[in-house]
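Colleague: Chains as they are written, first to last, in numbering that gives the first Met the number 0: chain G, 0 to 160; chain R, 0 to 184.
Please note that the accuracy of each hint is not assured.
As the list claims (entries may be wrong) - Here are the simulated distance ranges between beta carbons:
hint, chain 1, residue 1, chain 2, residue 2, range
1, R, D79, G, D20, 41 to 47 Å
2, G, A90, R, A33, 38 to 44 Å
3, G, V84, R, D79, 27 to 33 Å
4, G, R30, R, G6, 53 to 59 Å
5, G, R3, R, D79, 34 to 40 Å
6, R, D79, G, F85, 25 to 31 Å
As the list claims (entries may be wrong) - With a cut-off of at most 27 Å between alpha-carbon atoms, the simulated DSS-like pairs for lysine-lysine come out as follows:
hint, chain 1, residue 1, chain 2, residue 2
7, R, K17, R, K74
8, G, K67, R, K127
9, R, K127, R, K74
10, R, K75, G, K67
11, R, K75, R, K17
12, G, K67, R, K17
13, R, K127, R, K75
To be verified - If the Cβ cut is set under 8 Å, some of the chain G residues that face chain R in the computed set are:
hint, residue
14, C2
15, E16
16, V45
17, R54
18, E56
Rather than coming from a laboratory, the hints here were simulated on the basis of the structure. Quick reminder that beta carbons are idealized off the backbone N, C-alpha and C, glycines included.
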Amino acid sequence: MECRTVRNKISSLIDGELSDDDARITHDHLRRCPACAREYRDLASVWDLVAGIPRRESSTVLWTVLAKHIRHEPAAGFAQLRRWVFPALAAGVFTGGIAIGALLDGWTQGEDRVPLVRNDEIPSQVQNFQSISHFADAPPGSLAEGILVSSASPEKRGNEP
Amino acid sequence: MLRVKEGDESAFAILVEKYQRPVMNFLYHMVSNAAEAEDLTQEAFLHAYQAAPRYRPEARPSTWLFRIAINLTLKKLRADRRNRWFSRQHFYGLGSSSSEPAADAKSQPDTQSEQGEMLQALEDALHKLPERQRIAVILQRFEGFSYLEIAEAMGCSVEGVEALLGRAKIRLRNSLTAYAPAHKT
Numbered sequence: 000m001e002c003r004t005v006r007n008k009i010s011s012l013i014d015g016e017l018s019d020d021d022a023r024i025t026h027d028h029l030r031r032c033p034a035c036a037r038e039y040r041d042l043a044s045v046w047d048l049v050a051g052i053p054r055r056e057s058s059t060v061l062w063t064v065l066a067k068h069i070r071h072e073p074a075a076g077f078a079q080l081r082r083w084v085f086p087a088l089a090a091g092v093f094t095g096g097i098a099i100g101a102l103l104d105g106w107t108q109g110e111d112r113v114p115l116v117r118n119d120e121i122p123s124q125v126q127n128f129q130s131i132s133h134f135a136d137a138p139p140g141s142l143a144e145g146i147l148v149s150s151a152s153p154e155k156r157g158n159e160p
Numbered sequence: 000m001l002r003v004k005e006g007d008e009s010a011f012a013i014l015v016e017k018y019q020r021p022v023m024n025f026l027y028h029m030v031s032n033a034a035e036a037e038d039l040t041q042e043a044f045l046h047a048y049q050a051a052p053r054y055r056p057e058a059r060p061s062t063w064l065f066r067i068a069i070n071l072t073l074k075k076l077r078a079d080r081r082n083r084w085f086s087r088q089h090f091y092g093l094g095s096s097s098s099e100p101a102a103d104a105k106s107q108p109d110t111q112s113e114q115g116e117m118l119q120a121l122e123d124a125l126h127k128l129p130e131r132q133r134i135a136v137i138l139q140r141f142e143g144f145s146y147l148e149i150a151e152a153m154g155c156s157v158e159g160v161e162a163l164l165g166r167a168k169i170r171l172r173n174s175l176t177a178y179a180p181a182h183k184t
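So that you can see chain G by itself, here it is in the shape it has in the complex (with noise of 0.2 Å):
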């Protein structure tokens, strides 16, 4: 076996995950290979010194804090439908937000549309205006005629002859 390979197992043999033919072999070359040999003692020694690391323990009683959590926490259903419910009620409020919005803009426009002058806000002169056009089929010198003229705009009595 070629050392290269050989180094590829070194981990695994040092963890005991080889098979036990594998592991023969690699023990093999490992004899009769210094620089091998020496690749496996480095790293086990500092395998052995990592599992001197020491252990950290939980300073608090997990199961009573737990506990609490459990008990006030909806059922499992609950907490799937909950997944989707505020995500959802978001994307209504959103969209009703829009709709509202259009139906407001829609009212405003429609405000617009409405005379901004009241009838009974228009001017008594125009409102004579409109009342002296139902002299206009009358018949030429007349005193209905006469009412007709004196009351158009200026520029019209001017172009007339």
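Once you have looked at the hints, place chain R on chain G.
Modeller: Same frame as chain G, now just chain R:
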């Protein structure tokens, strides 16, 4: 675990009792902060309780639980990296990162015994390993997981675990050469 799946609270209490130490230890060595590790341990068990209805009996409870803890840790470490990147310290180079506990210890070598120094060096070397290598090392060395169990917990192949641990050993050897007994003799 099947009882937990059916919502048996006392069975979950037994599960917590059995695994809280290994999970806490794992998380501590991943985040290097005892308070954060305790919070993450609680979170991991709460996730486990909520995910219990989806537990499949073919998975070992330990690997299933550690898979949850691993996902939480990776999420946390990603968030920490993002926060560090956006932090003032990153932009202006002020202060050192909180995830590098080695700095303080190294600045006071005289106050520590040789044993303490070595332990600090070991923890530093472990902390400097890439995340996935660190996960594999902790599960193998501290929890005694087989390569197959590590592969299940990490969601990768046994060959992948072999490669991770091989590279981790070489990195650790390079960091800790001065402390290795084989070198001292």
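Colleague: Determine for every hint whether it applies to the structure shown.
Modeller: Results for each hint:
1. The hint said 41 to 47 Å for the Cβ distance between D79 of chain R and D20 of chain G, and at roughly 45 Å that hint holds.
2. Remark: the range hint 38 to 44 Å for A90 of chain G to A33 of chain R is upheld by a beta-carbon distance near 41 Å.
3. At about 31 Å, the CB distance of V84 of chain G to D79 of chain R agrees with the hint of 27 to 33 Å.
4. Checked against the hint of 53 to 59 Å, the pair R30 of chain G and G6 of chain R passes, with Cβ atoms roughly 58 Å apart.
5. Our hint of 34 to 40 Å for R3 of chain G and D79 of chain R holds, since their Cβ atoms are close to 38 Å apart.
6. As the Cβ distance of D79 of chain R to F85 of chain G is approximately 26 Å, the hint placing it in 25 to 31 Å holds.
7. In summary, the hint linking K17 of chain R to K74 of chain R is supported, as the alpha carbons are separated by about 25 Å, within the 27 Å threshold.
8. In summary, the hint linking K67 of chain G to K127 of chain R is not supported, as the alpha carbons are separated by about 37 Å, beyond the 27 Å threshold.
9. With a C-alpha separation of about 18 Å, the suggested pairing of K127 of chain R with K74 of chain R holds against the 27 Å cut-off.
10. Our distance criterion of 27 Å between C-alpha atoms is met by K75 of chain R and K67 of chain G, whose separation comes to about 24 Å.
11. Pair hint K75 of chain R plus K17 of chain R holds up; C-alpha atoms about 24 Å apart against a cutoff of 27 Å.
12. Taking the CA atoms of K67 of chain G and K17 of chain R, the gap is about 19 Å. The hint holds against a cut of 27 Å.
13. Straight-line distance between C-alpha atoms of K127 of chain R and K75 of chain R comes to about 17 Å, which keeps the hinted pair within the 27 Å bound.
14. The beta carbon of C2 of chain G comes no nearer than 15 Å to any beta carbon in chain R, farther than 8 Å, and the hint placing it at the interface is violated.
15. Interface hint at E16 of chain G: satisfied, since its Cβ lies 5 Å from the closest Cβ of chain R, which is below the 8 Å cut-off.
16. Because the beta carbon of V45 of chain G sits about 5 Å from the nearest beta carbon in chain R, less than 8 Å, this interface hint is met.
17. Below 8 Å, beta-carbon pairs count as interface contacts, and R54 of chain G has one with chain R at about 5 Å; its hint therefore holds.
18. This hint holds: E56 of chain G has a C-beta 6 Å from the nearest C-beta of chain R, less than the 8 Å allowed.
Hint compliance for this structure: hints 8 and 14 are broken, all remaining hints hold.
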